[in-house]
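S.K.: Given the structure of chain A, go ahead and fit chain B onto it with the hints provided.
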Amino acid sequence: MHDIIIIGSGPAGLTAGIYACRSKLRTIMLTSQVNPSLITTTDLVENYPGFPGGISGFELVERIKAQATSFGLEIVEKDVTSLERITLEGKAAWRVRVHDGAYEAFAVIIATGTEYAHLNVPGEQEFTGKGVSYCATCDGPFYRNAHVVVVGGGNAAVQEALFLTRFASKVTIIHRRDRLRADKTLQDQALNHEKIGFLWNSVVDEILGNGVVKSIRVSDVKDPARKQTLEAEGVFIFTGKIPNTGFLRGEVECDEQGFIRADHAMKTSAPGIFACGDCTRKLLRQVVTACGDGATAAFAAEQYIEELRGTAYSAWSPH
Amino acid sequence: MNEDKFVDNPDHPIILSDADLDAAVAKYPFIVVDCWAEWCGPCRMLGPIIESLAKKKQGDIVFAKLDVEGNPQTASKYGIRSIPNLLVFKNGQKVGDIVGAMPEDKLLDRINTFR
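Each protein sequence line maps, in turn, to chains A and B.
At position 56 of the first sequence (counting the first as 1) the number is 99 in our numbering, and the numbers step up by one without a gap.
At position 42 of the second sequence (counting the first as 1) the number is 1353 in our numbering, and the numbers step up by one without a gap.
None of these hints come from the bench; they were simulated from the model.
As the structure is a computational prediction, the values presented were derived from the model and not from experiment.
Certain hints may be false.
What the hints assert, rightly or not - Each computed BS3-like pair below joins lysine-lysine, with the alpha-carbon atoms no more than 30 Å apart:
id: 1; chain 1: B; residue 1: K1405; chain 2: A; residue 2: K257
id: 2; chain 1: B; residue 1: K1417; chain 2: B; residue 2: K1405
id: 3; chain 1: A; residue 1: K265; chain 2: A; residue 2: K238
id: 4; chain 1: A; residue 1: K213; chain 2: B; residue 2: K1388
id: 5; chain 1: B; residue 1: K1368; chain 2: A; residue 2: K257
Bound conformation, chain A alone:
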């Protein structure tokens, strides 16, 4: 039995772990066996404070993890299947089910993040792993001297397009708008890069190939009758993110896209359940905001448990 169960091991969950462990709460982290935190697949994070020159997403998360485990955070690899309300020692609590068992605690912090959305176009599923990719750092090196396309216009799309220029002969960014959403520094790097080209106001209709990807069919969003076929060996998709919240099954209020509704104290609609990081409905999904959320969630969870036990330090609440 634990005080807090943290679900997810990205920057938000790990920061919650640091704060919870330093508060000497009995804390356990459940992490997916196979879905890594998205930031670990990002080649370079240049906007996280304290790392001038940038740091790879993988290394940044490894460092936060080392910091969390140094304070005693226990991490087990279990994929969560559902949550249910129970009573522990006469108090409201939660049971978190995993595929081969369950864990119980007074508070649960959900930090399950997101995954890249699929385009849902013909050929995408068929050619996944055969030219269609959602991880440039994993698969980029297979595209030496090839033409690849990157679909999307946000930070992830532009950062990964820049990474792919190390291997590919040409990278074409396909974006549905006429300008990028990525931050201006990334935009400038991409717009001035000799290997990067752009196809504006365009969407991918179909991915074609023969065993592996050979080309894509693209149409103009302003004039859908205008279509063209582009030869490409790789299609890297970074068009948007969908939250990993399916296991909640209505126990916690989410928005129409599945992002968890959490208040400024990271409290959700379910007492004892807190949420932080990219899986929540929020304005800016970045490592730095995820870490902030994680710290707040752990602090709020600690207050909640103390109130449950009648040992709260103060009755002050931000509400």
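M.R.: Chain B in isolation, oriented as in the chain A frame:
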């Protein structure tokens, strides 16, 4: 080629290269080759799962690992464009591949569809 690692019933993944993949495929009637690389986060998550399965399925399924970084011929021969990529060989023939990391029980189910 290192003959020592081709024991009859390994309880751990054997390490293969471009040079000895064919020999391993010829020796073992059912072998799963995990094509991976250090640079790939999901591959590093799959690593312990492959090790666990190699132990549990000793005498039934042989597991192997091949680092695509130093072994470009295998990646090119089998059209590997994404890793982790598990190549499944039965009686010397490639019968399937499994792309991406997944939990242990799910992975075993996928492997068993090629038996």
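S.K.: Are the hints correct? Go through all of them and say.
M.R.: Okay, the hints, checked on the actual structure:
no., hint, result
1, B:K1405 with A:K257, "holds (23 Å)"
2, B:K1417 with B:K1405, "holds (20 Å)"
3, A:K265 with A:K238, "holds (26 Å)"
4, A:K213 with B:K1388, "holds (24 Å)"
5, B:K1368 with A:K257, "violated (38 Å)"
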